[in-house]
Amino acid sequence: MKPPPFEYVAAASLDGALEALAEPSLETRALAGGQSLVPMLNFRLAAPERLVDLNGIEELARVEETESGGLRLGAMVRHLRLERDPLIARRAPLLAEAAPFIAHPQIRSRGTVGGSVAHADPAAELPAVLLTLGARVRIARRSRGGESGSRVERTLDLEDFFLGPFFSALEPDELLTAIEVPPSAPGEGTAFDEVARRRGDYALAGVAARVRLDSRGVCDEAAISLVNGGATPCLMREAARTLVGAEPTPEAVGATAAACAETCEPAADMHANEAYRRHLVRTLTARVVSRAAGRART
Amino acid sequence: MRISARINGSAWSGDVEPRLLLSDFLRSEVGLTGTHVGCEHGVCGACTVQLDGEPVRACLMFAVQIEGHEVTTVEGLAAAAPGEAVSVERLHPVQRALHEAHGLQCGFCTPGILMTAEAFLRENPAPSREEIREAVSGHLCRCTGYHNIVEGVALAAERLAADGPGADRDGDR
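As given, the protein sequences belong to chains A and B, one line each in that order.
All residue numbers for the first sequence refer to my numbering, where the first residue is 1 and numbers rise by one.
All residue numbers for the second sequence refer to my numbering, where the first residue is 1001 and numbers rise by one.
Derived from the structure by calculation, the hints contain no laboratory data.
Treat the hints with care, since some could be wrong.
Calculated Cβ distances over 12 Å to all of chain A for the following chain B residues [as the list claims (entries may be wrong)]:
#  : residue
1  : Asn1008
2  : Leu1020
3  : Cys1039
4  : Gly1053
5  : His1102
6  : Ser1128
7  : Arg1133
8  : Arg1142
9  : Gly1145
10 : Asp1163
Okay, the calculated bits of chain A under chain B, using three or more residues with CB under 8 Å as the criterion [to be verified]:
#  : segment
11 : 188-200
12 : 203-215
13 : 229-235
14 : 243-249
The following label-pair restraints were derived from C-beta to C-beta distances [said to hold, decoys possible]:
#  : chain 1 : residue 1 : chain 2 : residue 2 : range
15 : A       : Leu156    : B       : Ala1161   : 26 to 36 Å
16 : B       : Glu1089   : A       : Arg62     : 38 to 48 Å
17 : A       : Pro182    : B       : Val1088   : 15 to 25 Å
18 : A       : Ala196    : B       : Ser1013   : 40 to 50 Å
19 : A       : Ser150    : B       : Ser1128   : 50 to 60 Å
20 : A       : Phe167    : B       : Glu1029   : 30 to 40 Å
21 : B       : Thr1033   : A       : Ala255    : 52 to 62 Å
22 : A       : Asp214    : B       : Met1001   : 55 to 65 Å
Note that the structure is predicted; figures quoted are calculated from it, not measured.
Backbone N, C-alpha and C fix where the C-beta goes; we use that ideal spot for every residue, glycine too.
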């Protein structure tokens, strides 16, 4: 129950962190909020030789408005900030709505958006919420031999980032530096809800939805993502498409919820069996999509 | 690794091993045994302390990470000089309220709950019972005395509101 020894590097800048991550002879992990990594260290499920602490890197803790009116969240923006920052509440209200569902206040004061996404936990709220918002991830690494410049950066659609449970597209020398959330379109509404046995527990199931209505009240775009609905945080493209072209009547929303429940792939464990999780997905999807549509109308 | 930080208002500096958890550091290096160690993986809340005024799990941080920061433990709540015995009168209003509302039985979880409650009431001075429940939901009490913990926090909120902002506490914050 104590972490194994490691070399500790307190990075003062992004370039410093990338350099510390680029050492090929050492198994190195980035330490963000530590709310998942430190338990893994304490249990000795992880034993990296070097930890690169990102907490001192000011440039990773910024929340910025992008030129297009979206948001750029630095990887080290903490969950608590999602709850409190007025700019985030205005530009991406779904983030502010979902943040209080993430664990407990004592975890949200440390946990970070970049850490949550990079951890790629299918049971986590933020990956699903960010998928619904169509977010992209910014990734950086130090140049490898032969490459020009000191830093190489790439941007990935979040959907392409999650490869499996706790498994992402990040290479060992790469760092997730920021998450870009596109601006919300006029006529758009979002909502989030989940069911957990106790407040702050991992959700048995959770649903995030985004619905856009045209001037006639017909849905022209919909996105639905599930928490604990499969092996990865998952965007339910097919199910969401069933709502497009329709008015979000209770019947139409019910059909979309049924499609979600049918096509999701929830795990069965001691907390809930598969049938119950599908039931929750159906109920939550109907609830959340209706709420999002209601917000889109106003 | 050498670190310098402020702990309960006093400067602390010294050498610590990087893998030393903040919870173990506070207890064994600084001698502040009021911070309790329960699950050591961020679930039980017993080790909750405040980092720059926000509640955090001390078992999910390394001592080296408090470099340049301020840590407050349960020992920092009452208005007493270091080492001085604390009388009931000098307890922090949240401590007194929990004491009077019988918000503790064995007391193991209490220091963590106090650190969460103090920060919570600063942020939300007039909470509903539901909000209080949510605020302390990150703490496990195996005596299962949750009802009186919630009552204690509510009583503390009333007292603090009656005393006015900042009265009788946190003179140094």
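A quick look at each hint next to the structure:
1. No beta-carbon of chain A comes within 12 Å of the beta-carbon of Asn1008(B); the shortest separation is about 18 Å.
2. A Cβ of chain A approaches the Cβ of Leu1020(B) within 12 Å, the least distance being about 9 Å, so the stated non-interface status is violated.
3. Non-interface call for Cys1039(B) relative to chain A: violated, since the shortest CB-CB distance, roughly 9 Å, does not exceed 12 Å.
4. Separation of Gly1053(B) from chain A is inadequate, the least Cβ-Cβ distance of about 10 Å not exceeding the 12 Å criterion.
5. Separation of His1102(B) from chain A is adequate, the least Cβ-Cβ distance of about 23 Å exceeding the 12 Å criterion.
6. Every beta carbon of chain A lies more than 12 Å from that of Ser1128(B), the smallest distance being close to 14 Å; the non-interface claim holds.
7. The beta carbon of Arg1133(B) sits about 7 Å from the closest Cβ of chain A, which is not more than 12 Å, so the claim that it is off the interface is violated.
8. The claim that Arg1142(B) is not at the interface with chain A holds, since no C-beta of that chain comes within 12 Å of its own (minimum 15 Å).
9. In this structure Gly1145(B) is separated from chain A by more than 12 Å, as the shortest Cβ-Cβ distance comes to about 16 Å.
10. Every beta carbon of chain A lies more than 12 Å from that of Asp1163(B), the smallest distance being close to 24 Å; the non-interface claim holds.
11. Residues of the segment 188-200 of chain A with a Cβ under 8 Å from some Cβ of chain B number 3, which satisfies the need for three, so the listed coverage holds.
12. Counting residues of the segment 203-215 of chain A whose beta-carbon sits less than 8 Å from any beta-carbon of chain B gives 0, not enough to reach three: the coverage restraint is violated.
13. Counting residues of the segment 229-235 of chain A whose CB falls under 8 Å from any CB of chain B gives 0; the rule of at least 3 is not met.
14. Using a Cβ-Cβ cut-off of 8 Å, 0 residues of the segment 243-249 of chain A lie near chain B, which falls short of the minimum of three, so the contact claim is violated.
15. Under the hint 26 to 36 Å, the C-beta atoms of Leu156(A) and Ala1161(B), about 49 Å apart, miss the expected range.
16. Distance hint check for Glu1089(B) and Arg62(A): the Cβ-Cβ separation is about 46 Å, which falls inside the suggested range of 38 to 48 Å.
17. Evaluation of the 15 to 25 Å hint for Pro182(A) and Val1088(B) yields a failure: the beta carbon distance comes to about 57 Å.
18. A hinted range of 40 to 50 Å holds for the C-beta pair Ala196(A) and Ser1013(B), which are about 42 Å apart.
19. Between Ser150(A) and Ser1128(B) the CB atoms are about 53 Å apart, so this pair conforms to the stated range of 50 to 60 Å.
20. A C-beta distance of roughly 37 Å is found between Phe167(A) and Glu1029(B), which places it inside the suggested range of 30 to 40 Å.
21. Range check, Thr1033(B) to Ala255(A): about 60 Å between beta-carbon atoms, so the 52 to 62 Å window is met.
22. The hinted range of 55 to 65 Å is satisfied by Asp214(A) and Met1001(B), whose Cβ atoms lie roughly 59 Å apart.
The structure does not agree with the numbered hints 2, 3, 4, 7, 12, 13, 14, 15 and 17 stated previously, though it agrees with the rest.
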